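Colleague: Protein chains in written order, with the numbering used here: chain A, 3 to 492; chain B, 3 to 492.
In short, the hints are calculated from the structure, not lab data. Each hint should be verified, as a subset may be incorrect.
Any copy, or any two copies together, can satisfy a pair, since identical chains are not distinguished.
Restricting the straight-line Cα-Cα distance to at most 27 Å, the calculated cross-link-like pairs of lysine-lysine (DSSO-like) are [as the list claims (entries may be wrong)]:
no., residue 1, residue 2
1, Lys230, Lys432
2, Lys296, Lys154
3, Lys296, Lys95
These numbers were taken from a predicted model, which means no experiment stands behind them.
2 protein chains.
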Amino acid sequence: MLKELDLRANMPKDEYAPLAEALKPRLAWLQQEAIRENIPVIILFEGLSAAGKGAVTNSLILNFDARGFTVYNTRPPEPSELRLPWLARFVEKIPSRGRMAIFDRAWYSALSMGLDSEKELKKRLREVNIFERQLADDGYLVLKYFLYIDKKEQKKRLEALAREKSTAWRVTENDFKNLKRHGEITDFYDSLICATDTPHAPWRTVAATDKRYVRAAVFSSIVENLEKALAKKRKEISDGAFTPRIDPRFRLLPHKTIGELDLKKSVGEEEYRERLKEYQDKLFKLQNKLYLKKIPVVVAYEGNDAAGKGGNIKRVAEALDARGYAVTPIAAPLPDELHRQYLWRFWRALPRTGHFAIFDRTWYGRVLVERVEGLTPAARVSQAYNEINEFESMLARWGAVIFKFWLAIDKDEQLRRFEDRQNTPEKRWKITEEDWRNRDKWEAYTQAADDMFRYTNTDFAPWVAVESNCKRYARLKTLETMIETLQNRL
Amino acid sequence: MLKELDLRANMPKDEYAPLAEALKPRLAWLQQEAIRENIPVIILFEGLSAAGKGAVTNSLILNFDARGFTVYNTRPPEPSELRLPWLARFVEKIPSRGRMAIFDRAWYSALSMGLDSEKELKKRLREVNIFERQLADDGYLVLKYFLYIDKKEQKKRLEALAREKSTAWRVTENDFKNLKRHGEITDFYDSLICATDTPHAPWRTVAATDKRYVRAAVFSSIVENLEKALAKKRKEISDGAFTPRIDPRFRLLPHKTIGELDLKKSVGEEEYRERLKEYQDKLFKLQNKLYLKKIPVVVAYEGNDAAGKGGNIKRVAEALDARGYAVTPIAAPLPDELHRQYLWRFWRALPRTGHFAIFDRTWYGRVLVERVEGLTPAARVSQAYNEINEFESMLARWGAVIFKFWLAIDKDEQLRRFEDRQNTPEKRWKITEEDWRNRDKWEAYTQAADDMFRYTNTDFAPWVAVESNCKRYARLKTLETMIETLQNRL
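Here chain A stands alone, though its shape is the one from the complex (with noise of 0.2 Å):
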């Protein structure tokens, strides 16, 4: 608790100085140890105003080569932040694997704007929760520090900023506003913290009265905690079973396995191409109204190699106002997206409020083929079916409709189109050795999609199996599904 803080806490010059000393090497030393263990860090101040958060950040960083780490002041968001999930903005500053982010107040500071009920304010803490150690599980390092004064100081420091007239400009009348409600800001402070002290990203208060105290503290507790991850990272990485864990709060629902798919659903060609045309305006009419209400919608295709994912999209992408839309195609991570969370890149293609995003292989990726091919340990893929509920719970939350389609086809015509694809030159380009090699995983891969469907079908984020050895069913079925749900929702 913040005002059970000793707040006259304080450190000598003399005694200040060896430990100084002592430390600053120390830090810089372990920085590069990180970054030669890919240890991604992240150090974040919250604090009231004028409790020293930019003076800690900067005799912090001076001990880091500049390289290794970006700092970070948190500021309104722009108006393009504001029709992005309100942790996005957040997520996409985490560094990469051996890097360090220096977050001069965060998501705390974040938190509460715009929020009109204590439900939704919990709601969100939940969501840092779930950030913050879907970040730990990843082997993240999360320090968060909070640096605490009283009134009495508080006032002292405002006044001295506003004196000045170099630094005047950093006071606002806010602060001045918020000076007068110290105690109940306290409170609110205490609140938070109490409701995101976890195990994986523990809160270390700092009384901040004396600021060479809080260097040695803030100092100090880094080391600590940075020659601790060290410790771990060395010993650890003993791979575990593949064992899925669904946060119960998930409510999952019964799915159709693959094997109980009727493939063989398929519609003629007239008829095809008359309700394709029907389908096609009204889904464009949607996006119309979608976009007046702000509802962003979220498209997920998964499926078979050569199931007509392309050409299923390019339906629904021919009914849509480009200006309102976007593709994007999932392939192997970059380095940059290999070496932050395996989400991170699926939070930067998020649709803005109103717009489509749809996105052509997904996230689920990290349970198919990097399950599959063992590209990712079985104990992280176990993770990722409740990390990625989890993401979509938060999607779900902010107001997206999420889509997801399974276009599934059965070996004999995946083989068929295959060989069409190999005897066509200008269809060439889409088929590979790796399609050949996948192909011959077909049973892995089978069991890796109806485990998927077993923990990720949600109420709120729900598979639809599209059956798709006919083409023309297939793309008829998912802009049906699109317009009946989207129908609903407005």
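Please arrange chain B on chain A, whose structure you already have, making use of the hints.
Modeller: Then chain B, alone, in the frame of chain A:
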């Protein structure tokens, strides 16, 4: 001239259908070829409201594989974008080699935003030409289409959009206001088109009354231009000689050669400590004033290996508030960066107004390491001097104060420092095989530095040679230079 377009131009359905049949697969194929040949393509659509930019974008992209392009809709700038040079938000979006960026409105629509004079507009037009020429020189294909309709047609379309419930949101009051000024706006665009119709990025104006005609005209033109670009790319790359050419509009100042520097200048420990403190205090105060006046500062560090850039930067950084500066260390370009025009990554690291951006090595790598090591063909290096002057002139015109420090040590001093690094465990990470290899090319690097001074020592961004055999002297000199120049500016 827009007014001279034949706006009755149209294409009957039976003429369009076979043409489209031929063009569409051609577009798809050419995109694949452009990917294979690593040609970056920018296609932009400008035009009057309701002229059909969205419709043509929609129909165009359906021909392309979504993995190869991005569509951008230009909207009013975000607050953060207003704190950067006006072109920065467009530079940021240039595609990497092999990819396409398609703009529904682009920099032309942003040209006159927030402008207060005809003179300023002319300068921006010159910057547009520089921007597009630099892209073309780097192998970018830039295709610009202007869609034009007459007043009557525009009125009809705006009214139709406004009538329909699902599209009414697209029409603003401003559109109807502009409709009344149709003639005036036509003249304005005519003058823009005239000023920016260049050999490297020519305009194609399109009579946009008939939609089939627009599609036919645009698709054919894109096919034709892609084919030309592919043919050219396939011939080329016989490298030229080293022949820098500087736009005569730049005033180049004489500069001492490396050989003329007196590297022995030094300062004693005591004097150093006193003056360092004094200078850092001054710089801190200046930072606050610059922040208030929203003046951006760009600090570029180059110099011999082991000349003390890191320590020098640290003394500057120590003086500054972390909220107002960032140090950007420049290493070999990442794939992302390598596959775009080389200045792209520096545009992305510019300071916001009122902030400092400190570069530990810079865009001059192009004419230093890339030249000496032959990483870039001599002909492209030759162009870089002028490109850099252009880049810096845009920063200067934006209002930035630019510092370019060359930290110079002699060969003996370098050897001493290399050996010291080698022999001190905690410094060893600073020295690599590459440093020793570079040292063997001392004369070539000196020549490159001298050429750099010769061609890029402009009045708006002059070089400052910092004699650095004595680190203390060097640190005081950079601080002193900054203080003096910044005080003058204020």
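Colleague: So which hints don't hold here, by number, going up?
Modeller: 2
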